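*Asks:* Just so you know, the protein sequences line up as chains A and B, in that order. Its first residue numbered 1, the first sequence is counted upward by one per residue in the UniProt record's numbering. Its first residue numbered 1, the second sequence is counted upward by one per residue in the UniProt record's numbering.
Rather than coming from a laboratory, the hints here were simulated on the basis of the structure. Take the hints with a grain of salt, since some may be wrong.
Unchecked claim - The calculated PhoX-like cross-link candidates involving lysine-lysine, where the alpha carbons are at most 20 Å apart (straight line), are:
hint: 1; chain 1: A; residue 1: K117; chain 2: A; residue 2: K228
hint: 2; chain 1: A; residue 1: K226; chain 2: B; residue 2: K85
hint: 3; chain 1: A; residue 1: K3; chain 2: A; residue 2: K47
hint: 4; chain 1: A; residue 1: K166; chain 2: B; residue 2: K58
hint: 5; chain 1: A; residue 1: K9; chain 2: A; residue 2: K36
hint: 6; chain 1: B; residue 1: K85; chain 2: A; residue 2: K228
Said to hold, decoys possible - Counterexamples of contact, computed for chain B against chain A with all Cβ distances above 12 Å:
hint: 7; residue: Y11
hint: 8; residue: A27
hint: 9; residue: S49
hint: 10; residue: Y83
hint: 11; residue: G88
hint: 12; residue: A92
hint: 13; residue: I98
As the list claims (entries may be wrong) - Calculated Cβ distances over 10 Å to all of chain B for the following chain A residues:
hint: 14; residue: Q24
hint: 15; residue: E29
hint: 16; residue: D124
hint: 17; residue: P125
hint: 18; residue: N142
hint: 19; residue: G143
hint: 20; residue: P198
hint: 21; residue: R203
hint: 22; residue: V232
hint: 23; residue: A235
No experiment lies behind these values; they were computed from the predicted model shown. Where is the CB? At the ideal position from N, CA and C, for every residue including glycine.
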Amino acid sequence: MSKRTVQFKIYRYDPDKDEKPYMQDISVELEASDKKLLDALVRLKTKDDSLSFRRSCREGVCGSDAMNINGKNGLACLTDIDGLPQPVVLRPLPGLPVIRDLIVDMTQFFKQYHSIKPYLVNNDPAPERERLQSPDDREELNGLYECILCACCSTSCPSFWWNPDKFVGPAGLLAAYRFIADTRDQATNERLDNLEDPYRLFRCHTIMNCVDVCPKGLNPTRAIGKIKEQMVRRAV
Amino acid sequence: MVNRIVVGAHYGLKDWIAQRATAVYMAIYTLIFAACALSLPEFSHEAWSALFANGVFKFLTFLFFLALFFHAWIGVRDIWMDYVKPVGLRLALHVVTIFLLVGYAGWAAQILWRL
Ligand code: SF4
Ligand code: SF4
Ligand code: FES
């Protein structure tokens, strides 16, 4: 295979050196084995080792290399480099404070995630073996448990941009529904109480940016609708 | 204390349902209104007044305005909640919005019962 060159336009910001962020034009020659955008970034780092980004698993399971790719949030490791319109414009996830280059501070995101108590609450004594579910009940959790907390969704959600401190955001709400839907969980009422709030849940205006970007193909809007449905069923 | 984020007002569902219910009513009313207006014998002030002289129609129309203003209240409040950060300013905007919408409702009643 002939050598391929990729042009990049990358958001750069090192708070220790730069007064303000700037866009760096840079290109890199790929090896035949470089298939994904992440491969290209790793290759690029051999050329300019000051470039900073997070990555770990390089196969879409750790959720650390989420970034804004040509205007749309996604995982670098799941994005094919061939076919990406050039120059490939890379920016950090929108709406979160930038630590350096493509690395953002996810504190707010995880704070919201933790606020929905993302763990099973069950006060019965633990059985000798695991707590069992029927296959049908287990089925309910599909499309919910697969979330890798990459934050692509929440950082593409305008409601989360405006109120990241108060609106739980699509990722947190998807996780909230994952436990509301779990038949082994005993805190359903508390969970619904916790979300029945004009900010925490009802800031979602069904804009559906979250569904559009989720690299795992999950549907937070649907989960949010289900939470509302549970609330209605409880109230009327 | 001032810097703590406080959430958990425990309302939201009712407003959300009300927003949908009022939207449905407005859609239904629009159909009724269109049907009534189109079946008028002629487009004259007399025919128009006769339509609104009907008690049921008056009632449905007033209900429409109430639905509209309540729908607007939730929508406008959403805008304040999304974009206005200072709490004092937000409160002031909420109050102004309520006063205006209640005023409009009274005004609508006045107009309807004068027709
Ligand atoms: S729902 Fe999808 S986009 Fe959002 S954090 Fe989970 S995996 Fe990422
Ligand atoms: S559907 Fe709701 S959570 Fe998803 S992007 Fe839109 S406002 Fe945000
Ligand atoms: S590196 Fe783990 S998801 Fe991309």
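*Asks:* None of the hints should be skipped; say for each whether it holds.
*Replies:* Outcome of the hint check:
{"no.": "1", "hint": "A:K117 to A:K228", "result": "holds, 18 Å"}
{"no.": "2", "hint": "A:K226 to B:K85", "result": "violated, 29 Å"}
{"no.": "3", "hint": "A:K3 to A:K47", "result": "holds, 16 Å"}
{"no.": "4", "hint": "A:K166 to B:K58", "result": "violated, 43 Å"}
{"no.": "5", "hint": "A:K9 to A:K36", "result": "holds, 17 Å"}
{"no.": "6", "hint": "B:K85 to A:K228", "result": "violated, 26 Å"}
{"no.": "7", "hint": "Y11", "result": "violated, 6 Å"}
{"no.": "8", "hint": "A27", "result": "holds, 18 Å"}
{"no.": "9", "hint": "S49", "result": "holds, 41 Å"}
{"no.": "10", "hint": "Y83", "result": "violated, 6 Å"}
{"no.": "11", "hint": "G88", "result": "holds, 17 Å"}
{"no.": "12", "hint": "A92", "result": "holds, 18 Å"}
{"no.": "13", "hint": "I98", "result": "holds, 15 Å"}
{"no.": "14", "hint": "Q24", "result": "holds, 33 Å"}
{"no.": "15", "hint": "E29", "result": "holds, 46 Å"}
{"no.": "16", "hint": "D124", "result": "holds, 27 Å"}
{"no.": "17", "hint": "P125", "result": "holds, 31 Å"}
{"no.": "18", "hint": "N142", "result": "holds, 26 Å"}
{"no.": "19", "hint": "G143", "result": "holds, 23 Å"}
{"no.": "20", "hint": "P198", "result": "violated, 4 Å"}
{"no.": "21", "hint": "R203", "result": "violated, 7 Å"}
{"no.": "22", "hint": "V232", "result": "violated, 7 Å"}
{"no.": "23", "hint": "A235", "result": "violated, 6 Å"}
Hints 2, 4, 6, 7, 10, 20, 21, 22, 23 from the earlier list are contradicted by this structure; the remaining hints agree with it.
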